[in-house]
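Numbering of the first sequence is given in my numbering, commencing with residue 803 and proceeding in unit increments.
Quick caveat, the hints were computed from the structure, so don't treat them as lab data. Accuracy of the hints is not assured; some may be wrong.
Quick list of in silico lysine to any residue cross-link-like pairs, SDA-like style, CA-CA up to 20 Å [to be verified]:
1) K1006 to Y928
2) K1200 to A1210
3) K1006 to E870
4) K926 to L908
5) K1261 to R1235
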Amino acid sequence: MAEHKRIVHPLLLFTLYALLLLPMSSTTIVTRFAPSPTGYLHVGGARTALFNWLLARHTGGKFLLRIEDTDLARSTEEATRQLLEDLRWLGFHWDNAELVFQSKRLPIYNAVIDNLISRGLAYKAYETNEELTAQRSQAERAKRQYRYRRPALTDEQIRQYESEGRPHVVRFAMAVHEYRFDDAVLGPNQGFAAGEVQDFVIRKSDGMPTYHFGVVVDDEEMGITHVLRGQEHLLNTCNHIALQEALGYPRPIYAHLPVILNPETGEKLSKRDRDQKIRKRAGEVMRNTKKSPADLAAITGLPLDRLTEWLANDKKQLDLSEQPKVMKAVGLREADLPEIMVHDFRKNGYLPEVLNNFLALLGWSPGGDRERMSMEELVSLFSLDGIGKANAKFNRDKLLAFNTEACAAGSTNARMVEAMRDFLSVNPDSPLREASDHDIEQVLQMNHGFHILREPDDKSRFLFIPDKQVEYQTDALDKVLRKNESQGAKALREVRAALEQVEPWNAGQVEQAIKAFCDQRQIGLGKVAQPIRVAVSGSAVSPPIFETLEFLGRARTIARIDRCLSSL
RNA sequence: GGCCCCAUCGUCUAGAGGCCUAGGACACGGCCCUUUCAAGGCCGCGACACGGGUUCGAAUCCCGUUGGGGUCACCA
């Protein structure tokens, strides 16, 4: 039976190849992340950045960064610096060498706005904030939906307002009809009806463009092809496509990501959640201890009016210097607060690649059972169709488990030392900063099984402080050394002599000696190990004792035992 | 409240009409290991929101109900 062999003509092959490539090269995917610099990056923003970055890297496209600093009151240079640092930490490298700052692009926006005004597609509006609020509440009282539509001003009125030099905004005269667009995640035909249309502000009275306007103009200029952002922007998209149509811009592909929810409240995860938690706790403490705001003010040293205002108003937030004072007063530790900022995760010792892995799973899945992925794997597996529609609660337990696993898997290599160094760079109070790479490697090994880098740090600080500075915890002394007529102290005194004989001093020999000691006395290892632990570390919890003693060395071990015994 | 989006274990999810007695991960419970705290091993518990259709057959398609979320700024 003759096999039907087909010869493909090389020219045909070339043509097919070219056909395939041409449209590809002319539609290189360009994504962007466009945060506003008002503080550290939070996980919601990080997830948005991640998805945009992944799409660009997966397709060999570009990922651009733009700073939306049009809110003069809230944007700061410090925040921009923090934002960039967080993005670098996460490993999202952007492809525009020159960062785009919206605040530096006013002439460009104004030229476009002038053009719109001259075409009758935008106009100056002179209402004050108070007038607008009044109009809104009037509508609310009448149970009517408020929609701003162009007021009919006479030429006379306009002349008068202008001669008075009245402040004004510029609004976009949005054509009243239905707006529809296709969403790569939510499907076709998203949008709103004509009844929802209103003339939104495109230039504020301080001369800055609004978000809606800046986004549209800049996305066009930067050649953005795909906009991935949170679902809270879904309806904003109608404003954006209206503007694009008026300006003759092409429409990018939109993909709206599920919202990340606070597992406790079920609402959108917000920077304010930490503050809320402190306020809630403060309220409880005051009720339980019958303390007044004045008492709290006295304890924290904060002004009473400031404190009462904060207590009463959910919208008010403590600033970074006030927060720790109130936390201390109401017995909250940093670890009790939910991490929300990327910086918090860094400071607590999560690995950036793990945070990314976890964040990627919030609203996206590669399909099947696949969960643990390196950055490289995320890049190669990422695709728009893996993005889900349903909102996701931010569950820290799973992140913690991922981090534990990743640290355990990599705890012997240079990556973990590097990670620990990075952790220490944002935790300047740790004595481990003075440790050598070799010491750090040992600390990490001794603490194998830790969840976050904060744990080996916490549990190993005693190794890096002078013997004199070891602080003995009273409850540990009581429970381990003083209880039962000082059995523990007695064992400690006796094992001290045995330890002096150990030669050479290493974990194996120390173990042998201590175990021999236990056998001889017919007591359990715990009866001896715990007293030693308390003596050298000050607490009942430490890394495994034999390794700990090897690390400390004989002299320091004996010195700490002596000091502990004499303090009883 | 208007408009919009969504709906599988407690949580994150797999699932594209028969591969589903619904899979995985985390959490949780039990046992084991153990010098503390952990980590680890083994086993277990646990979901298609509800009601109607369509179909030989529905977690999967359609409609409704309920529930949750988002959004209604001169913030982004």
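Results for each hint:
1. K1006 to Y928: Given pair K1006, Y928 holds - Cα atoms ~11 Å apart, limit 20 Å.
2. K1200 to A1210: 15 Å, holds
3. K1006 to E870: This hinted pair holds, its Cα atoms lying about 14 Å apart.
4. K926 to L908: Satisfied, since the Cα-Cα distance of roughly 17 Å is no more than 20 Å.
5. K1261 to R1235: Within the cut-off at roughly 14 Å; holds.
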